[in-house]
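Peer 1: Spelled out, the chains give:
Number of protein chains: 2
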Amino acid sequence: MHHNFPAGTNSPLADFVSHIHPVKQEVIQYINKHSFPHFMRRGEVLIRPGEYSSHLYLICKGAVRAYMIEGSKEITTWICAENEIITSIRGFLLREPAVEYIEAIEDCELAGASYDTLQYLYQHHIEMNVMGRKLLEQYYGAAEERNIISRLTRAESKYNYFVERNGHLLNRIPLKIIASYLGMTTETLSRIRKRISKPPKS
Amino acid sequence: MHHNFPAGTNSPLADFVSHIHPVKQEVIQYINKHSFPHFMRRGEVLIRPGEYSSHLYLICKGAVRAYMIEGSKEITTWICAENEIITSIRGFLLREPAVEYIEAIEDCELAGASYDTLQYLYQHHIEMNVMGRKLLEQYYGAAEERNIISRLTRAESKYNYFVERNGHLLNRIPLKIIASYLGMTTETLSRIRKRISKPPKS
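Protein chains in written order, with the working numbering: chain V, 54 to 255; chain P, 54 to 255.
Calculated from the structure, these hints are not laboratory results.
Any given hint might turn out to be false.
Which copy? The list can't say, so a pair holds if one copy fits it or any two copies do.
As the list claims (entries may be wrong) - Below, a list of computed lysine-lysine pairs in the BS3-like style, where the Cα atoms sit at most 27 Å apart:
#, residue 1, residue 2
1, Lys187, Lys229
2, Lys77, Lys247
3, Lys187, Lys86
4, Lys114, Lys251
5, Lys247, Lys229
6, Lys247, Lys187
7, Lys77, Lys187
8, Lys86, Lys229
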């Protein structure tokens with residue numbers, strides 16, 4: 054059984070939704086009633102490969118990553134922090150088993166809701182589809198940016214592309230995880246960071 | 054000036070939209086009036102890096118790829134064929150300049166519409182947002198599948214993942230382009246294909 058958010062306060066998910074597109078009070082109340090807080094300790098795993106994911110979560114505090122295992126190697130596929138929605142994209146959207154682990158890389162406070170809750174809102178409140186369309190435009194755009202990073206082959210191009218878009222994560226996420234996201238060794242990443250932090254010779 | 058589709062016939066884009074989610078006759082008529090046919094010869098380029106893309110296109114016939122250039126290397130980022138919508142995702146969704154070339158890899162018949170046409174429909178016909186939300190769910194899911202392919206590091210895992218999802222493109226798209234999509238040399242791709250096509254020893 055999930056607990057609810059304290060009576061008289063909005064669920065962080067309700068606030069998140071109404072910032073993207075205004076929705077009726079009835080929708081806010083439905084989200085308040087059907088969403089729930091979820092806490093994770095650093096290192097805790099939310100979803101494993103093969104599982105069907107039927108929830109999505111808003112990160113209220115903390116950071117989370119997804120990773121795959123290929124042979125003996127971990128490949129980080131995305132890193133998310135506050136004010137981002139996380140789920141197994143394949144599980145939630147394509148209704149196929151997850152191919153990734155989703156793991157807390159800091160202690161996390163999440164706000165969760167089920168697939169059924171979202172479908173109910175899409176079906177009964179058409180303005181939720183405006184919210185969903187706008188949110189998915191952003192997330193589709195971000196997925197494409199991740200795609201571009203992972204297809205670049207030069208370590209330095211990858212790193213620069215990452216810094217431009219995710220600079221705020223740089224001093225927060227362990228170097229090992231950023232390296233695994235950029236598809237390079239920790240040594241290569243450290244070398245690039247050192248080179249870039251040196252002032253150019255005049 | 055764009056030409057219109059012949060009077061009395063629906064634009065392929067209008068049919069595409071109503072297959073995803075039913076829309077009013079008024080929407081169909083608006084799409085018929087504001088979409089246009091566009092033809093491309095194999096090798097022709099639709100969008101170049103740095104350009105702002107303000108159109109999207111449905112592929113009615115043919116195949117198209119997007120690619121980036123890094124150093125002297127072409128990196129194919131996606132391949133699309135009939136019944137898929139193409140555009141510069143960054144350009145169209147994020148309103149930022151394209152980072153990729155979009156090129157016809159076969160002679161193509163496209164049906165195009167502008168960003169403004171789509172925004173008009175989203176604003177004046179709320180059910181178009183249901184269509185957009187459903188379409189973006191599919192495309193976001195597909196972007197994530199591309200992400201997974203490009204992050205796998207073993208050539209054979211990449212190839213198998215591609216065949217499972219895009220088997221229909223295998224005998225149609227030049228090997229060189231598939232290899233560049235999978236981030237391997239044409240030689241490696243040929244070797245994997247030969248190995249896999251051999252019946253297992255009994």
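Peer 1: Now look at each hint and say whether the structure bears it out.
Peer 2: For each hint, the structure was consulted:
For the homomeric pair Lys187 and Lys229, neither the shortest alpha-carbon distance inside one copy (33 Å) nor that between copies (36 Å) is at most 27 Å. Neither within a single protomer nor between protomers do Lys77 and Lys247 lie at most 27 Å apart by alpha-carbon distance, with minima of 51 Å and 59 Å respectively. Within a single copy, Lys187 and Lys86 get their C-alpha atoms as close as 24 Å, and across copies as close as 25 Å, so both meet the 27 Å cut-off. Taking the shortest Cα distances, Lys114 and Lys251 never come within 27 Å of each other, neither inside one copy (33 Å) nor across copies (52 Å).
Taking the closest pair of Cα atoms, Lys247 and Lys229 come within 27 Å of each other only inside a single copy of the chain (15 Å); across copies the shortest separation is 37 Å, beyond that limit. Proximity of Lys247 and Lys187 under a CA criterion of 27 Å is satisfied in neither setting, with 39 Å inside one chain copy and 45 Å between copies. Proximity of Lys77 to Lys187 under the C-alpha cut-off of 27 Å is found in both arrangements, the shortest distances being 17 Å within a copy and 21 Å between copies. In this assembly of identical chains, Lys86 and Lys229 lie within 27 Å of each other by CA distance neither inside one copy nor across copies; the values are 39 Å within and 54 Å between.
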